[in-house]
Structure formats: C-alpha cells, structure tokens
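Protein chains: 2
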Amino acid sequence: MEHKFVYTFGDRKAEGNSSMKNLLGGKGANLAEMSNKQIPVPPGFTITTEVCTYFTEKGPVATRELINDAVRAAVAQVEGIMGSRFGDVENPCLFSVRSGARKSMPGMMDTVLNLGLNDEVVEGLARKSNNPRFAWDSYRRFIQMYGGVVLRVGPEHDYDRDPFEQILEAVKEEHHAEFDTQLGVEELQEVVARYKKLVEKQTGRPFPSDPWEQLWGSVNAVFSSWNNERAILYRQLNHIPSNWGTAVNVQAMVYGNMGDSSATGVCFTRNSSTGANEFNGEYLLNAQGEDVVAGVRTPQQIVKQHSLEWAEFAGITEEERLQRFASLEELMPVAFAELVKVETLLERHYRNMQDIEFTIQEGKLWILQTRDGKRTGHAMIKIALDMLNEHMIDEREALMRIEPEKIDELLHPEFNKKALKNATRIAKGLAASPGAAIGQIVFTAADAEGWKAEGKKTILVRTETSPEDLKGMNAAEGILTSQGGMTSHAAIVARGMGKCCIVGASHLRINYMDRTMVVGENVYREGDWISLNGSTGEILEGKVALSATLDNKSYEPILKIADKYTRMSVRTNADTPHDARVAREFGAKGIGLCRTEHMFFEGDRIKAVREMILAKDEAGRQKALEKILPMQRSDFEGIFEAMAGLPVTIRLLDPPLHEFLPHEPEAQADMAHEMGVSVEEVKRKVVSLAEINPMLGHRGCRLGNTYPEITRMQTRAIIEAALNLKERGIEAKPEIMVPLVGHINEFKMQEKIIRKTAASVFVERGDTINFLVGTMIEVPRAALTADEIAKHAEFFSFGTNDLTQMGFGFSRDDIAKFLPVYIAKNLLEEDPFQVLDQRGIGKLMEMGTKFGRSSRPSLKVGLCGEHGGEPSSVEFCHNIGLDYVSCSPYRVLTARVAAAQAAVKSLMI
Amino acid sequence: MEHKFVYTFGDRKAEGNSSMKNLLGGKGANLAEMSNKQIPVPPGFTITTEVCTYFTEKGPVATRELINDAVRAAVAQVEGIMGSRFGDVENPCLFSVRSGARKSMPGMMDTVLNLGLNDEVVEGLARKSNNPRFAWDSYRRFIQMYGGVVLRVGPEHDYDRDPFEQILEAVKEEHHAEFDTQLGVEELQEVVARYKKLVEKQTGRPFPSDPWEQLWGSVNAVFSSWNNERAILYRQLNHIPSNWGTAVNVQAMVYGNMGDSSATGVCFTRNSSTGANEFNGEYLLNAQGEDVVAGVRTPQQIVKQHSLEWAEFAGITEEERLQRFASLEELMPVAFAELVKVETLLERHYRNMQDIEFTIQEGKLWILQTRDGKRTGHAMIKIALDMLNEHMIDEREALMRIEPEKIDELLHPEFNKKALKNATRIAKGLAASPGAAIGQIVFTAADAEGWKAEGKKTILVRTETSPEDLKGMNAAEGILTSQGGMTSHAAIVARGMGKCCIVGASHLRINYMDRTMVVGENVYREGDWISLNGSTGEILEGKVALSATLDNKSYEPILKIADKYTRMSVRTNADTPHDARVAREFGAKGIGLCRTEHMFFEGDRIKAVREMILAKDEAGRQKALEKILPMQRSDFEGIFEAMAGLPVTIRLLDPPLHEFLPHEPEAQADMAHEMGVSVEEVKRKVVSLAEINPMLGHRGCRLGNTYPEITRMQTRAIIEAALNLKERGIEAKPEIMVPLVGHINEFKMQEKIIRKTAASVFVERGDTINFLVGTMIEVPRAALTADEIAKHAEFFSFGTNDLTQMGFGFSRDDIAKFLPVYIAKNLLEEDPFQVLDQRGIGKLMEMGTKFGRSSRPSLKVGLCGEHGGEPSSVEFCHNIGLDYVSCSPYRVLTARVAAAQAAVKSLMI
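Protein chains in written order, with my numbering: chain A, 212 to 1120; chain B, 212 to 1120.
Watch out, some of these pointers could steer you wrong.
One copy or two, it doesn't matter: identical chains are merged, so the pair holds either way.
To be verified - Listed next, the in silico SDA-like pairs over lysine to any residue satisfying Cα-Cα at most 25 Å (straight line):
#  : residue 1 : residue 2
1  : Lys959    : Phe524
2  : Lys896    : Ile824
3  : Lys667    : Gly738
4  : Lys754    : Arg726
5  : Lys408    : Glu367
6  : Lys896    : Glu875
7  : Lys834    : Met611
8  : Lys1036   : Asn431
9  : Lys552    : Leu1030
10 : Lys1061   : Asp597
11 : Lys1002   : Lys1054
12 : Lys959    : Phe1044
13 : Lys963    : Ala756
14 : Lys682    : Asp828
15 : Lys269    : Met1058
16 : Lys408    : Ile980
17 : Lys959    : Ile1034
18 : Lys967    : Val1032
19 : Lys896    : Gly661
20 : Lys775    : Asn733
21 : Lys963    : Leu1030
22 : Lys552    : Asn431
23 : Lys1036   : Gln833
24 : Lys967    : Ala537
25 : Lys663    : His789
26 : Lys407    : Asn454
27 : Lys593    : Glu902
28 : Lys552    : Ile824
In short, the hints are calculated from the structure, not lab data.
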C-alpha cells in the first residue's frame, strides 16, 4: 500500500487540511488547518481513520507493522519542534493521545495524557520544570488514565467506585487533604506506588515503563474504543455509521498545571445556550483540561463581566471572587487578548460558532482544539440568523444549519408563570440546557433507566456525570449536578440531547449512600418529585404546572426561508379542533390524518358504539349508528372550521370492534348493567370478537365492507358537516380515506357506498360540495397493486406505521421483546418505527407511488405515519416525489424544515 | 352494433361451430357442431354470451331491443324446419330454453321446457299428438317450471316443500296414484288449474298465456340465473370467472313422453366411474329428460348386459326386469343402433369421453346435447391413457387431460379389508363415486353445512338431491340417496366433487319428518355413524377402520409422461421419517420444509423445552438444550435416512416460545409440579411471553438471534446426524433454512452461528459434509431486499402462508370473521391461503426471485407454503422460474402433474 497513514502538523505548517475530515477526523483536520492558519497548536501527528478500519479487521500487530515507520518519523519531527525527546530522562517530550472521528463525539472516546512518563522520566520532568509536584501529579494522572483506558483496570464489582479514585481519596483522607492540589510530592509518590501495585494486581504484569509500549498501547486503545458500548450507543443516538472509524491524534503535551501562571479552559465564540454573540468560557488555574470537562472543580469565567455576574448569582463576595474565581481577562490579560484574537479568527474561518479548548503553559497560550460548538435549539436558530445577517453565511446555509430535530426543543413546554411564582425553590444552579423537566429523584444512571422502563419520569441527580451515565441521562427527564460548569460533561451532553439540565448547583449536598440530596436542613430523597427550570437554573419542589402557550416565534424567519425552497407541503395528524388549530398555527397546510375512532370513545358515544356492537342485525346497528351520527357530524364541523379552506383527510373507522368493549370483569358488569343486557351476553360478545392477531384481523375497511352501515353513517356525518359549514360560508374540503385496503375490490366497494351516500345527502340538501375518495396505503399488497387501486382512488396516503409492521412482520406491540437486542447487536441501526426503513418499506412506497401515478398521473400522494415528523424520513418522501407529509402538530415545524432542507439538497446535487 | 347475437342451427347445418365456445357456450357450440356433423339435433338457435354481459349491465328491456329482430327471424327458421308454428293452436311448435356457459355447470342453470303452451295450444297439441295426457302433462310441467324458474313461485317458508310438488302430491293422493304417470287428463287439468291459481296468488298476476311473453321471460330468467347464489357458489368451487356469462339455447321441443315408443336418456361413451371403454347409460320410457337427472324414477339401462347386471344386483327377477326395466337395446333396437353409431361418431369427433342426452320421440332418435363427460379420478386417468393407446390423442394431450386436483381422489383412503369383512352391512346401492366416507347421518343439506361448521363429519342422506343441496353436499363426507341412477344429480355432482357417493339404495326408506333411515326393521337416526364404500356401493354400520396402504399405481404411466416434460421438481413438507417415506414413494425429490418445532412437542422433549424457557440465563438454557440435542439428532437421522441422497431443507425453530407453555390453570399447575417450580413462576412466564400479535412477534430467526444457543443446538443436531449417516454410508444433504428473515443482518447473524457451529463439529469429528444455508422468504421486506439477502443466502424458499398473511394483512387465525363475507360479496374470488394471489403476493415472489438471482445467479428458489400442492399456484411458480415446489406428501402427485402441465403449456405458447 502506498497510502499515507500518518499526517504531521505544528510549527505553522501541516500535511493535512480542513477538507480531510473523513480521513483525519474532525479533530485531526482542525489541528492541521489551525497549524496552516498560524494558530498556536502543539505539534503532533494524526493516524488516519483508514487505519482504524484496518485495525478493526486485522488487529494491532498488523496495524503496528503498517504504520511503525511513519509514526517514528513523525515523533522525531515533533521532538525537533519541541526541542525535547520522547522518553528522554533529561528533557522529555510527553504526548497526548486522543481519538477524533468525523463527527465530534464528546467524552465518548478514550483519551490518554502525559504519555511517556516512567520512574526515571518523571524525575527528569521534575527537574526540567522545576516543579516536582507537577511532574508527580502528571505521572499519577498518566498511570490512572492509562491504567483505566488501556489496561482496563477498574472496579471489581459494578457497585464499586473506580479503584484509582478510591486510592486517591484514601491518600487524601490519610493526609487530611480536601483537594487534589493539596497533595504534596510525597503523597503523590505514594499514590503512584499504590496505583502501580493495583495495576500489577489486576493485570498480572508491572505497569509498562517503555514509552513506546505506552504509545502503541494507547493507539490500540483508541482504535478499540471505537467499538465500545458507549461509542456504539452514541452512534445509535446520533445516527453515525459504524464504518466511519476514528483517527488518532498524537500531540505534544502542553501543561495548564505548571503553577499559577498556567491554566486550561474551554471557550465558545457565542453563547451556546442563548445564541447571543458574546465570547464566553470557563477555565481552571493550574489544572489540566479534563478537570474542566469533568466538573470536579467549579471553573472560573474567562470574561470579567461573566465572572461578576456569576459571583452575584452564587452569592460570592468580590474579595472571594478575586481570590478564587477571578476571570482570565483579569488574571492573564495578555493571554486573554491573544485568545480573543484567535477565537475571532477561528469563527470567521469556520463560519460557525466554535468550541475551543486551550491551555496556558506558564503564560503561553496553546490552542488544543476547536470544533463547531454544540448548542440548544434556541441558540441554533439565533446563531444561524445572526450569521446570515452578518453575511457570514447565505440563506441556504442558514437553513441547512438547522437541525430539524432540535426545533422540538423550542416547543418544549415551560412552567406556568403563576405556578412558578408559588413554587418552593430548593436551590439554583447554572442553566445549562433550557426547558422544563419534572420527575422523581434518582441518584444513578442505572436507576434512571430502570425507572423509565417502569414508566416513571425521573430527574437524574449527580455530583457530576461521566460518559458511563449516558444511557441514564437519555432516560431521565432532566439532569441536575452539584458540580461542574457550562462546559462540564453533563452540560454538553444534555444540550446535545436537547434535555433540560442544571449544573453546578453547589448548595446541594448529594449523598449516594443515603440516596439523599440535602440543602440546608431540607432533605430530598430518592423518589421525591422535583421540577427543573433549565432556562433559569431554578430547582423547585414537587411537580410545577406546565404552561401550554407557545409565544416564542424566534423560528419564524427560518421558516420563511424554508417556505421559499420547499416543494412538499406539511399537514398534520389531528383528531380534534384544538389539535387542528395548534398545527395550523405551526403552518400545517391541512389535515393528513383525522382518526375517527378516537371520537367513538368520548362521553356518551361509547355507549352507542357498544349498542351497535351488541346489535343482532343491521337494523339494530343502524339504530345505534343514528345516535352517533349527530355527534360525529358536530366533530367534523369543528375540525372543518379549524381547517377552513384547507384539505382534511378523514380516515373511516379503523380499529377492530373489540377495542370498544371492556375486558375487565367489573367493567363488563357495568356495561351489561348500562346496556340492559346480561353480563354473559357482554362476555360472549367479547369472546366472539377476540382475535389472535388483531393487527391483521377484522379492522379497517374490512369493517366497512362487512358492516356498510358504519361507512354510510360516517360519510353522512362528513358530508352533512361540510354542507352545514358551507351554509355558514366556510369552505370544508373533505378527503375521505378508506383504511387498510389490500385489494382494489375492497376499495371499490367502500367507494361505492361513500359516493352513493354522498349523492343521497346532496339530493336531500339540494346542495353539493367537492370531496375526494382515496385510500391509505398500509398493506404491502396495496403498494404492489397500486396501479389497480389508483384507477379508482383519488389520493394515496402511506400509513407507514402499519406498512412497517406488515412489511417487516414486526408487531409494534410486541417488538420490545427483540428490538432492543437487535439494536444492541447492531442487526438494525434504527427502530424502523421511528426512522423509516428506506431500503425495504421505502421501496414499497416508491413502487406504490410510481405504480399509482402510472394509472393516475394526478394522484395526490402523502404520508401520515409517525415518520412524517422524522427528518430523514421526510427527506426520503421528498426524494420519491410525495406531495405532502403529515405529522403530529408539534412536529410540523420540524417537518417543514426537513422538507425545505430536502429541497435545497436536491438543488445542490 | 353490427355484432351477430343469435346463431341458428338444425336441419344439417348451423351458423356456428365448435370453435365458438366462448361466444355460444359449450352447449350452443356443440349443437352447432353436431348439426354440421349430421347429428340429429332438434333445430333452434343460440343467443350469445355477449348478450348475457349486456343483460347484466343494461337489463331486460334494452336486451330485448337489441336482439328482438334476430330472435323473430330465428324462430321463423325453426318453424320452417319443424313444419309447425310457435303459438299456433293447430300445429304448435314448442321450445326449450336452456342456459349454456363455456364450462358445463350441471343443474346449476335454470331451464324451461315446453314453452309456448297455453289453454288453447295445449288442446292443439293434444289433438296433433293424439295424446291429451301428454299434452296436459307437458302443460303442467311447463307451468311448474316456468312458475318456479321465471316467476319465482316457491315455498313461503324455508321449511316448506315446493308448493307445485305439494299440489301434485295432493292430487295424486286424492286419486290414489303412486306415480305421476298414473294421473289421467282430468287429474292433470286439475293440477294445471291449481298451479295457475297458485301462480296468481303468489305473483298477483295470471299465468302468462302469450307464448312470446313466455319466451322473453325465459330468456331473462336464464340470464338472471347466471348470478343466482348457486351459480356463484359453483363458480367459486370450480374457479370460473363471473364475467364469462352464459348463452341461451332455444330449441324446438322433442318429446320422450309421447307414449311407450318414446323415451329419454343419458349415455356415456365410456364408464365415467371406472373409465372402462364401454358404452353405457340410462333412460326412462315415456318421460322427459329431467326425470332422468332428477332421479325421481329409477331409470333403465341402455345396454342389455348392464340391465342384466343391474337386475341381479337389485334382486329383480328377469320377468320384472323385462316388464319394468328392459334395456333400450331390447326395447328399441333400431334407435339403439343409431345411438351407438352416433356416440362413436361423437367421441371420435371430440376425442374425449362424451356425456350425451337424447330423446326418442315415437321411435325417432334426437340428440339433445353432448359434452365432455365428468368422471372420477380413476376414470380420468384410464380414459386418458386408453385414448393415448388408441392413438386418439397424443402424449401431451393425455397429460393435459389430467385434472391435477382429481389425483387426490386416487389417494383417498379405502376401508381396511379386515374391518370391512367384520362390518355390519346396512344395504347396497350404486357405486356412484368411489372412495370411503365415514360420518354421522344428517338428512338435510343445511344440517350437513351446520354440523360441519361445528367440526362434525356427516353423511348426507336424501331420497334424491337437487341443486339446492350443493353446499350441503360439499360439506358432507359422503352422499347417500335412495333413488336415482348413475346419471342422477347426486351421482354427477359427487363425481365432479370427487366425493364418495352411493345412489339408488332402494332398500332404504328415508323419513325426513322423523329424521330416520329405515332398512327392514333397523332404524338409523340422525347422528348415527355410518360408513360408505363408494367403490362398491356398500353402506356399513358405524365407523369402519380405514387402510393407510396405497396400492393403486394406475397413475404411474401418466407420471412417466409428466416427468418427460416437467422442469420444476416437487419436494415435500415432512417432519417425520414416515411422511418422508410416503412422499418419496409419490416421487418427491427431497424435503422442501422440515419443521423442527413439531419435534419439540413429542414425549419428554416438551419438558426439556419448558426447562429451557424457564431458564434464567443462557447457561440454564444451554443445559436444557443439551437434553434436547440427542433427540433432535436422532430425528434428523431418521429423516435423512428416509431421504437418503436427496436434499432435506430443515427450518430452524419458528414458533413463539409461548406456544410451548400450557395456558390452562390445571396444565400450568401440572407443569409447575413437574418442573419443581411454583405455579406463580409458570404463570409469570406465560404472562411475560404473551403477545398481542404473535404472528408478528418474537418468533422465527428473532428467537435464534436473541437466543443463539437454540440455533447452535439445532445446527449441531443436524450436522452430527448427517455425519453419523455418512459413517453408515448414507448420504445426507441438509439445507439449513433460517425462518422469518426480514433484514439481511438477521440472516447474516444466523448464518455466522450456523457456520461456526458446523465448523466446530467438523473439527470434533474430523470429518465434514456439504450443506447449504438459506432462508425462507416469508416477510414482504425480505422479498423486496432479496438482492441483499441472496448475497449471503444459498437458497430461498417462499413461505407463502406467512407471505400471504403479511402481504394481505390477513391473520389466518382471524380471517373467518370477514373472508366468507368477502368471498360471498365477490371482493375476493378465492381464499388467498388456498390459491396463491398471483397479482400481489405473486408479484413479491417474482421480485424476490429476480432480485435474488441478480446477485446470485445460481440461487436455488422454491416454495414451501400450502400453495405448493395447488395446481394454479404450481403453474405460477413454474412461470416465474422457481426450481421446485414443496407440498404435503399426499399432494406430491398433484403438484407433479401440475408442474408438468405448466411446462407443456409454456411449450405451447
């Protein structure tokens, strides 16, 4: 192979550049680009993602053979730039080893720092830096990280804490030290000794002292970590293919912990929570980068103004602030000024808000990393629009910058203002990720998962979070930590998930043993209800009422742009006038699915419905249906009015009749009493209607074709409602949809009943309206014979829920027994009920659309399953030429943006 | 329209010919052809099937307008030939009006005879024929038929007898007449008077006296009858499309009831029960045709030899025979000789066994109709082979003459010879349709249907049957009548259905009121069990044991021909060595589907299976599976041995695990006791495994992918069994089939487990065998993504049962709630689980095959659903290029013939 597998960077030049993201990973490409752009990054080299794939297939030995020479040459080049040598006792060069995939996966990939230290080199480093404490602290950190990440030294039982942390805590306790920084050289040497003993005990071998062995071990660990459980989960959550692989970045270490003229921090070019164009960030004096992210210590603000605000909020005196929490702007004005220059440069260059990691080593600024910053939905929109106004990006790019899924966050309910006023405040923390969350306190990620499985809503309360907590964070309604800042793990991950999060609520004392959270004299226990206001950082007692109003319209300008490009329209699935109005406010262009069965359950209707079911013959059913007719008619009037002038697709009765009967003995007795029949008769009917596979049973148009009187009643209600509105000068545009058609004859029979009934109503009323008759395409056979069906049907609407059920042979009700295993084992990348399976179910849709239009070119084709609000599915619908998608009201905005982005993407091809 | 709608025939020429079956119907085309061939058919004309379609769409008035002139002209032509005039009082010409569809539908379509009679014409006919009794008898028959068929005069309640019959019976009783023939003119006049009163009472109008009104009424009735319930049922049973329509044949009447020199009869050119090449038939003196078919009087044999045999069997003296049952050969030798000449001519002409209706009017032979005769499965084969030997037809035609469905009859069990000897004989009748039938006596067709619905087996016992009984005949196991001959309705229909039937068991007295059947002093009641031997005519008490042996190999020569042409091979679905051996004897070329779950239920295994299900972890399951392993291995050894040298496709465990657990509380308690666990634990497991839609749930490869240890055990059992046989010098060719694959990854994971397990076994044993790994294509998505799947799967087998369930969205377990309505309302022409839906499900198969072979040209593709034994489905499989079909052992012959016929048809295109 003549491939280049290792790319060097540093000293104001690099072999790679920013366009090589796929090969070098996001981090590697950025490091190269920054070097090219004169950004002060520590020198190093990147091992490509191709090597990761090679590693996965061939293993470590072959990989080392493949790249050994190139790595040695690159190390030599770094040594030249840094003026030090890897493994040298007098003047050692140390390295960091980090993963770097195409897409940023924060906290997911394992990292090793301070690589190259051993019992001799540590002394050299101590001498060279004149800081033995720093050297031994680096050494103990190195052994801890390398031991955990590469050698897999860890707790012997799940319930144990990390054994390195236990040793550290023990030593601290023995020496009455509160913070790590209070440990002296001797104590750190003791820690190192105990660490090495631990490693040898668990691995059976002494800790490796050869720097090259350390380097290769770390490279292997990074590549292996691509396939660890957390990484796989993250990829699933974020739709990242497993074959992308990660690159490895080996970089000379620079130190933020070389005394009080050193620091390390993270900064954002804009506010990642609000989107405001204000440079901001946090740093820790005399610390390494992971201290900031892990949230172990409360960080200091970079900008003075923020430091003042924070201190006021935290109730800290100016004196204390200056002593312990002064801003970088105040403490190191030169480095601060350079940082501001660099962040402006970087944002201009990447034309996006940047998330920058930096270290100041004895006054000198080093940029460790920059990447597009994660942001909340609100920030995402504001930043896109601001950059558009600043002429940094154009309209199309502003639109493409919107992650449709995140729009959802904008619609997250907020607390009712009145309820908020009356609520009891527990404490306040940093508003790390906005929204409102209500749940029961749990103290471990595992509990958050377990309780969710039982249907409970939880707030995950931790001192800090770590990548191990990812599943639990995903399961919780909200996250609360007592430590950490806006750039802590909890904050970053929660923002990425769009999940409400409060961090650094330092007044809370969290006790995992007792499972309590204590504030002053108040004790909150596991299971207690609390409410989080992620927009203000307030933590409240109990369940605070939510507000249903939506007054934030910050997204309107983006939607205006979207509407310029979009081809498909977006309708809504709505069964009530309320839902219809909400969706219309979000810009729905009609109703794509109005389910009529929900109307059958309400109030007195269920009684009439049950009368119909118990009826012995058509006449009896007819009588019961006549009672339902006026109620259905008034339902439709309400919905038509809410959607005046826009099409409303009404699906005829779909579920099997047994769904309307009670199954518990008591409820059956009640029903018998109410209906004036014997309990036995009710039971008999329940038994006679029971089905082995109700999903494939007597439902959909099979009902209307066996009991045409139901279709007649529903048609009459629809047509009469439309005529009533017409009299009031309101235009109703009903589209009557026949469900579950598999054979053209099923449709034809229903169509005949519908048209005949409508004709009768027209004659009775002496007036007419326009209406369409079409069908749901949700049975595979319907898609396969769509040419026949479209000869009669005026529109199609893909019911992708059922189409997925039948196409895959997956019962949605029973899938929990095997889908989690399938996802975990990577048999399926996505739950096909959430993300449309384009390869199989999508093929049916493509065929159905093509066949249908072959016999009726004007055929209107839409989608009305859950997928109508899922961006990748919406894009697929655009690509196969659908006229519209229909989704739940709160997904309409997401679908509108997704539809517009699909259109823009087609333009770009 | 310039179309010709009316075709005349008679007087040795005709406007139509035998090639015009679609237009003139079978009967009309034959009548035309016979005229052309100098066969003495009464003159007449045929109104085409196109007019029927026109009638169905436009109604009677438009139809009459369309054809009025042509009909008038044709009547005039017939009048010319017969020398009489329609409606003329002095010299009347009377007509018959009959339906005639493309395919013979005996007894299904309504017929009107003696049309043209009224109060004046009857006197003219009496004078002209010098036989007033005949004239009045014809008149009363005419009113009865016309009243029933055209004017729909019938019983007022379902339980009533036909009111015309009631009147006739009443008059006979009043005049002490036993037979119709004993009624004189006056009595018949009284019958006519009462008939007319009845008609006027029920219809509100006097009986129509205008012959033209009578003619048009009859034509309309024939066209209308195409869509009566019985006709629709018959079409469904016989797969006749409803848009074919029927023609109407109007023909001058000739009379078999003009005294003792007149007769009417039915004859066959060969024996329709055995196939023997012997002319045979039955006739009645001084009677009309419907008397023969209806079985009201016991008919006489045409051939003297048969008459002698019959008399001996019936225990009738030679004197009585000559007096009452003499043969036509003896009574009318001239007409007999002409009939023999004509039957030979007709069989030669049509190159097939003919079923000929004739009438002798005062010594002159008239041929009323000829058609290909219905025959039993045995006769079908013998006649085809005989005609081949006689060089009447060639090999291909002999093959095409076989109705594959009828081969089934050859395999009908016969009674165990020993049991037969010890059985108590009730009586003997005519062996009208062979086979053995065991059932409980019922006396009405409705009961036969009702009892069948309750899962009971019945013998329908009637004095005679009529077209109204068709559904009941179909529902019964066998049919027994006390009257009628080999050409009676019961005999013909039963032979067509391949149903065991005994007719003319004249010693039986059947009393519908008491619901008893009396023979001498023995009384048999409704519900009593009897056995019919349709091959000998013996009626036996109780349930006589059946023999499982199959020694009739009369079909072998046909199969030899079939094998010359066939391209697809036929395998069998077999789960046991016994079934495998049976199928192999029928020529199965391997096993296409060996279901392993049945093996899980047997004996002790279910206990181990339940242990596996209750196990808390993989280790526990593994332990239980180890107990099952040796049993499964020995199962496979048996099956491989039975199929030595032929491929055996083994499907891995398919059903959801809950199918192996008991659902009744008592059985659960037993299981808990047996397994040494608490009842609650068993119940918990049952509840935890319960599914809403088990059909779409945790089954198929979803089991093997969540519990890989099951797949490992089954693979090990298969491979070890094959190796064990190899040691014994027997070749096993396993093909391991993964069920319910919907996504390539599901298959890949199973394939990996299978290949890995096999490799381990090979290493352990130091020997290998060849095997394939393939999949069932039964999930629609699998067919749609077959190109992906075929990259890994070495064979496909379409599981059309599940493919139909998911493709249609029809749960087979629940379909009874709507399929009958769908069939009745003509929404579906066939039950798609019996006859493959070629348009939809077939399309999936076609795509699956095409896609699959696109990535693996050598892909072996088969079908293993119920459809594998259904002829039209087999033909479809041939047409889309399948390599084999697999069906149950007793359908192998049917499938082999169907496959060969499909190949011949392709050659003929």
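Structure-based check of all given hints:
no.: 1; hint: Lys959 with Phe524; in the structure: neither (70 Å within a copy, 58 Å between copies)
no.: 2; hint: Lys896 with Ile824; in the structure: within (8 Å within a copy, 34 Å between copies)
no.: 3; hint: Lys667 with Gly738; in the structure: within (10 Å within a copy, 61 Å between copies)
no.: 4; hint: Lys754 with Arg726; in the structure: within (20 Å within a copy, 76 Å between copies)
no.: 5; hint: Lys408 with Glu367; in the structure: within (15 Å within a copy, 104 Å between copies)
no.: 6; hint: Lys896 with Glu875; in the structure: both (13 Å within a copy, 21 Å between copies)
no.: 7; hint: Lys834 with Met611; in the structure: neither (56 Å within a copy, 56 Å between copies)
no.: 8; hint: Lys1036 with Asn431; in the structure: within (23 Å within a copy, 69 Å between copies)
no.: 9; hint: Lys552 with Leu1030; in the structure: neither (51 Å within a copy, 77 Å between copies)
no.: 10; hint: Lys1061 with Asp597; in the structure: neither (42 Å within a copy, 54 Å between copies)
no.: 11; hint: Lys1002 with Lys1054; in the structure: both (21 Å within a copy, 19 Å between copies)
no.: 12; hint: Lys959 with Phe1044; in the structure: between (30 Å within a copy, 22 Å between copies)
no.: 13; hint: Lys963 with Ala756; in the structure: neither (50 Å within a copy, 54 Å between copies)
no.: 14; hint: Lys682 with Asp828; in the structure: between (55 Å within a copy, 23 Å between copies)
no.: 15; hint: Lys269 with Met1058; in the structure: neither (41 Å within a copy, 38 Å between copies)
no.: 16; hint: Lys408 with Ile980; in the structure: neither (86 Å within a copy, 53 Å between copies)
no.: 17; hint: Lys959 with Ile1034; in the structure: between (41 Å within a copy, 15 Å between copies)
no.: 18; hint: Lys967 with Val1032; in the structure: between (51 Å within a copy, 21 Å between copies)
no.: 19; hint: Lys896 with Gly661; in the structure: between (39 Å within a copy, 20 Å between copies)
no.: 20; hint: Lys775 with Asn733; in the structure: neither (55 Å within a copy, 93 Å between copies)
no.: 21; hint: Lys963 with Leu1030; in the structure: between (41 Å within a copy, 20 Å between copies)
no.: 22; hint: Lys552 with Asn431; in the structure: neither (37 Å within a copy, 99 Å between copies)
no.: 23; hint: Lys1036 with Gln833; in the structure: between (53 Å within a copy, 20 Å between copies)
no.: 24; hint: Lys967 with Ala537; in the structure: neither (81 Å within a copy, 64 Å between copies)
no.: 25; hint: Lys663 with His789; in the structure: neither (30 Å within a copy, 53 Å between copies)
no.: 26; hint: Lys407 with Asn454; in the structure: neither (36 Å within a copy, 90 Å between copies)
no.: 27; hint: Lys593 with Glu902; in the structure: neither (53 Å within a copy, 48 Å between copies)
no.: 28; hint: Lys552 with Ile824; in the structure: neither (76 Å within a copy, 67 Å between copies)
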